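In our numbering, the protein residues as written are 1 to 333.
Since the hints were derived computationally from the structure, they do not count as laboratory data.
Treat the numbers as computed from the prediction; the structure is a model and nothing was measured.
Careful: at least some of the hints might be erroneous.
Said to hold, decoys possible - Straight-line alpha carbon distances no greater than 16 Å define the calculated EDC-like cross-link-like pairs of lysine to aspartate or glutamate that follow:
1. K204 / E34
2. K175 / E92
3. K76 / E173
4. K295 / E324
5. K202 / E79
6. K253 / E266
7. K9 / E79
8. K323 / E312
9. K124 / E173
What the hints assert, rightly or not - Ranges of calculated distance between the beta carbons of each label pair, as one might list FRET restraints:
10. L270 / Q128: 47 to 55 Å
11. V271 / N150: 48 to 56 Å
12. N105 / Y61: 34 to 42 Å
13. R119 / N246: 48 to 56 Å
14. K9 / P106: 27 to 35 Å
15. R86 / R302: 40 to 48 Å
16. Q31 / R126: 17 to 25 Å
17. L120 / R302: 31 to 39 Å
18. M281 / N10: 19 to 27 Å
19. S44 / F16: 48 to 56 Å
20. R119 / E224: 33 to 41 Å
21. N282 / L120: 40 to 48 Å
22. G20 / T122: 43 to 51 Å
23. D309 / Y61: 19 to 27 Å
Glycine included, C-beta positions come from ideal geometry on N, C-alpha and C.
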Amino acid sequence: MGNVLLDIKNERLSFFTPAGEVKALNDVSIQMREGDVLGIVGESGSGKSVTAYSVMGLTAYPGRLIGGTIEFNGHKINELSEKEMRKIRGNEVSIIFQDPMTSLNPVYTIGNQIREVIRLHTNKNRKQTQERAIELLRLVGINEPERRLNQYPHELSGGMRQRVMIAIALACEPKLLIADEPTTALDVTIQAQILELMIELKNKIGMFIILITHDLGIVANICEKIAVMYAGKIVEYGHVDEIFYNPKHEYTKGLLRSIPNLKEKEHKKLVPIEGTPVDMMNPPAGCPFAPRCDKCMKICLRKMPEYTDICEGHYSACWLLQKEAFEQGRDMP
Numbered sequence: 001m002g003n004v005l006l007d008i009k010n011e012r013l014s015f016f017t018p019a020g021e022v023k024a025l026n027d028v029s030i031q032m033r034e035g036d037v038l039g040i041v042g043e044s045g046s047g048k049s050v051t052a053y054s055v056m057g058l059t060a061y062p063g064r065l066i067g068g069t070i071e072f073n074g075h076k077i078n079e080l081s082e083k084e085m086r087k088i089r090g091n092e093v094s095i096i097f098q099d100p101m102t103s104l105n106p107v108y109t110i111g112n113q114i115r116e117v118i119r120l121h122t123n124k125n126r127k128q129t130q131e132r133a134i135e136l137l138r139l140v141g142i143n144e145p146e147r148r149l150n151q152y153p154h155e156l157s158g159g160m161r162q163r164v165m166i167a168i169a170l171a172c173e174p175k176l177l178i179a180d181e182p183t184t185a186l187d188v189t190i191q192a193q194i195l196e197l198m199i200e201l202k203n204k205i206g207m208f209i210i211l212i213t214h215d216l217g218i219v220a221n222i223c224e225k226i227a228v229m230y231a232g233k234i235v236e237y238g239h240v241d242e243i244f245y246n247p248k249h250e251y252t253k254g255l256l257r258s259i260p261n262l263k264e265k266e267h268k269k270l271v272p273i274e275g276t277p278v279d280m281m282n283p284p285a286g287c288p289f290a291p292r293c294d295k296c297m298k299i300c301l302r303k304m305p306e307y308t309d310i311c312e313g314h315y316s317a318c319w320l321l322q323k324e325a326f327e328q329g330r331d332m333p
């Protein structure tokens, strides 16, 4: 196993708004090693993006880390100043944002935007910067890179713009690439090409990836591990095969029931998850999924369960697992 490059321990992060404290993350812990590809899944507002952005120090006011630690590549992120964080962003950790059209500046050419990143983080001269920009566009599969450098974002297709965003993110060969819904606005053909490109580049330059998505199909294709988030907490974590073939948390099961299975011989209705998401200003005392869970017990409403180990590297926070362990006479945490 590789070295631990990212270690998030018991992270609690809140946004302090005029309406009150939004408890965005509640005791989140993640550990990643060299070469890992982690998928973070969950519905909107579950804390997926906030978890990843906190590694880059992008949860500024009104967001504030109120508990836990974040260590990345030897840096204690929660103790760094904004000036120190700027040296890490783009250099050691990069991000591909959800919508390339709003992430790229419409009044600057593609070449200007790529060269700016290279100039900020390296000591390359003008000629070397230009050569590196062309090399990056070629690396992400853009044809005629010399001509593309002089074009503006609106002159490129959605897939091409997303490739430019990947080129910018890879400009300094980061250790960690965060991909926040990188294929949302793309058709399935381009989507497959972008995902294939990310894995190819991961193997080529040895980075590790955090993929934030709603799409479990994408996670199944490229991720090795999955963190299922609900209401600011990881409710289940494990290897992709364990999560898909042996889900233990009722929320994970609900997510899997709500996607079509083309291998089923009989036509089955998709089963949605009933109810509405938790109010993060007033989260419940117990399991946040309890009000929407068909198998909710009284204790679920009163107290948050501890994690139960299902097998090595697969654990979940659910009182049903605690009950099952008790009935089988196994040790509980």
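Item to check | Range hint compliance [Cβ, N282 to L120, 40 to 48 Å] | outcome: At roughly 42 Å between Cβ atoms, L120 and N282 fall inside 40 to 48 Å, so the hint holds.
Next on the checklist: Against the range 34 to 42 Å, how does the distance between the Cβ atoms of N105 and Y61 compare: consistent or not?
Outcome noted: For Y61 against N105, whose Cβ atoms are near 24 Å apart, the range 34 to 42 Å is violated.
Item to check | Hinted pair K323 and E312, Cα distance within 16 Å | outcome: 20 Å, violated
Item to check | Hint check for N246 and R119 - Cβ pair distance inside 48 to 56 Å | outcome: Check passed, 49 Å falls within 48 to 56 Å.
Next on the checklist: If I claimed the Cβ atoms of M281 and N10 lie 19 to 27 Å apart, would that claim hold in this structure?
Outcome noted: Once the Cβ atoms are compared, 21 Å apart, the range 19 to 27 Å for N10 and M281 holds.
Checklist entry - Has the given pair, K204 with E34, been kept, meaning a C-alpha gap of at most 16 Å? => result Holds: K204 and E34 sit about 13 Å apart, inside 16 Å.
Checklist entry - Lying within 43 to 51 Å: is that true of the beta-carbon distance G20 to T122? => result Cβ of G20 to Cβ of T122: about 44 Å, so the range 43 to 51 Å holds.
Next on the checklist: Quick check: does the Cβ-Cβ distance between D309 and Y61 fall within 19 to 27 Å?
Outcome noted: 38 Å, violated
Next on the checklist: For K295 and E324, compute the direct alpha-carbon distance and say whether it is at most 16 Å.
Outcome noted: 13 Å, holds
Item to check | Distance restraint evaluation - S44, F16, Cβ atoms, bounds 48 to 56 Å | outcome: 21 Å, violated
Item to check | Hint consistency between K76 and E173 [alpha-carbon to alpha-carbon, up to 16 Å] | outcome: Between K76 and E173 the Cα gap is close to 21 Å, so the pair fails against 16 Å, i.e. violated.
Next on the checklist: Within 27 to 35 Å: is that where the Cβ-Cβ distance between K9 and P106 falls?
Outcome noted: 41 Å, violated
Violated hints, in rising order: 3, 5, 6, 8, 12, 14, 16, 17, 19 and 23; the structure is consistent with all others.
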